[in-house]
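Going down the list, the protein sequences come from chains W and A.
Oh and the first sequence: position 87 is 87 in the numbering used here, straight run, nothing missing.
Oh and the second sequence: position 8 is 8 in the numbering used here, straight run, nothing missing.
If you're looking for bench data, these hints aren't it; they were derived computationally from the structure.
Computed from a prediction, not measured in an experiment: that's the story for all the values here.
Yeah, the Cβ is synthetic: ideal placement off N, Cα and C, and Gly gets one too.
Just so you know, not all the hints are guaranteed correct.
What the hints assert, rightly or not - Computed far set for chain W versus chain A, every beta-carbon distance over 10 angstroms:
hint, residue
1, 42
2, 44
3, 60
4, 66
5, 77
6, 108
To be verified - Derived contacts from chain A toward chain W, CB cut-off under 7 angstroms, selection only:
hint, residue
7, 50
8, 52
9, 106
Stated by the list, open to error - Across the chosen pairs, the derived CB separations fall in these ranges:
hint, chain 1, residue 1, chain 2, residue 2, range
10, A, 20, W, 15, 40 to 48 angstroms
11, W, 107, A, 3, 34 to 42 angstroms
12, A, 80, W, 53, 43 to 51 angstroms
13, A, 39, W, 81, 19 to 27 angstroms
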Amino acid sequence: GQQVMQIPQYQHVQEGEDFTTYCNSSTTLSNIQWYKQRPGGHPVFLIQLVKSGEVKKQKRLTFQFGEAKKNSSLHITATQTTDVGTYFCAGHLGSEKLVFGKGTKLTVNP
Amino acid sequence: NAGVTQTPKFRILKIGQSMTLQCAQDMNHNYMYWYRQDPGMGLKLIYYSVGAGITDKGEVPNGYNVSRSTTEDFPLRLELAAPSQTSVYFCASRSVTNTGELFFGEGSRLTVL
Numbered sequence: 001g002q003q004v005m006q007i008p009q010y011q012h013v014q015e016g017e018d019f020t021t022y023c024n025s026s027t028t029l030s031n032i033q034w035y036k037q038r039p040g041g042h043p044v045f046l047i048q049l050v051k052s053g054e055v056k057k058q059k060r061l062t063f064q065f066g067e068a069k070k071n072s073s074l075h076i077t078a079t080q081t082t083d084v085g086t087y088f089c090a091g092h093l094g095s096e097k098l099v100f101g102k103g104t105k106l107t108v109n110p
Numbered sequence: 001n002a003g004v005t006q007t008p009k010f011r012i013l014k015i016g017q018s019m020t021l022q023c024a025q026d027m028n029h030n031y032m033y034w035y036r037q038d039p040g041m042g043l044k045l046i047y048y049s050v051g052a053g054i055t056d057k058g059e060v061p062n063g064y065n066v067s068r069s070t071t072e073d074f075p076l077r078l079e080l081a082a083p084s085q086t087s088v089y090f091c092a093s094r095s096v097t098n099t100g101e102l103f104f105g106e107g108s109r110l111t112v113l
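Go ahead and model the full structure; you've got the sequences and the hints to work with.
Following this line, the structure appears as structure tokens:
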């Protein structure tokens, strides 16, 4: 079954509001990756987190990796219409097998 | 630089037919993956390969076969198509030395009727 759980499944926000998606694993992950998929497109890599407690920022996006390396979050500050899409977390089970969460679909009302 | 190329982009199959989805990458990546994505769902790993001649099962391998005779190519074979295999298929690759980033192809949309 799905070993990487992601919530919420959907999120609707007004432009300018913040957005957060959460990722949880039943097992310790060697690292966590985040991807964005625009409607009709393919997933595009955003970032990889490796260290326990790691926090990385990309402009309005903040990524965190939990201390136990079993959870992660992506936070977007002041959403824009260009942020629309589905955000996936993915965790490595071992060194080769990358397993994806079901994703959070973000819609932004202008 | 073409990256990861998938063909065909669209295909309609009848139940019981067979077909091969092609995937090629020109980045000299060792690792290659096949995922399927059902509507509104995440990506499920079908098969993966860590190098030429080596393949392994993912989460949902039943009904599929793969081969990896060269570093560049990783075809996915459906032997007896079933309606449950209607999906969008993504091929991806990555290097062992970079950040771990997966580079995805544009996808192949398969419908089995």
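Now the hints, each set against the structure:
1. With 10 angstroms as the threshold on Cβ separation, the claim that residue 42(W) sits away from chain A is violated: the shortest Cβ distance comes to roughly 4 angstroms.
2. With a closest Cβ-Cβ approach of about 7 angstroms to chain A, residue 44(W) is found to fall inside the 10 angstroms limit, against its non-interface label.
3. For residue 60(W), the shortest C-beta to C-beta distance to chain A comes to about 21 angstroms, beyond the 10 angstroms cut-off, and the non-interface label holds.
4. In this structure residue 66(W) is separated from chain A by more than 10 angstroms, as the shortest Cβ-Cβ distance comes to about 18 angstroms.
5. Separation of residue 77(W) from chain A is adequate, the least Cβ-Cβ distance of about 24 angstroms exceeding the 10 angstroms criterion.
6. With a closest Cβ-Cβ approach of about 18 angstroms to chain A, residue 108(W) is found to remain outside the 10 angstroms limit, as its non-interface label requires.
7. Evaluation of the residue 50(A) hint against chain W yields a held restraint, the C-beta minimum of about 5 angstroms falling below 7 angstroms.
8. Interface hint at residue 52(A): violated, since its Cβ lies 15 angstroms from the closest Cβ of chain W, which is beyond the 7 angstroms cut-off.
9. At its closest, the beta carbon of residue 106(A) sits 5 angstroms from a beta carbon of chain W; the interface hint therefore holds under the 7 angstroms criterion.
10. Range check, residue 20(A) to residue 15(W): about 44 angstroms between beta-carbon atoms, so the 40 to 48 angstroms window is met.
11. A hinted range of 34 to 42 angstroms for the beta carbons of residue 107(W) and residue 3(A) is inconsistent with their spacing of about 29 angstroms.
12. Roughly 49 angstroms separates the CB atoms of residue 80(A) and residue 53(W), a value that falls within the hinted 43 to 51 angstroms.
13. Between residue 39(A) and residue 81(W) the C-beta distance comes to about 23 angstroms, which sits within the given range of 19 to 27 angstroms.
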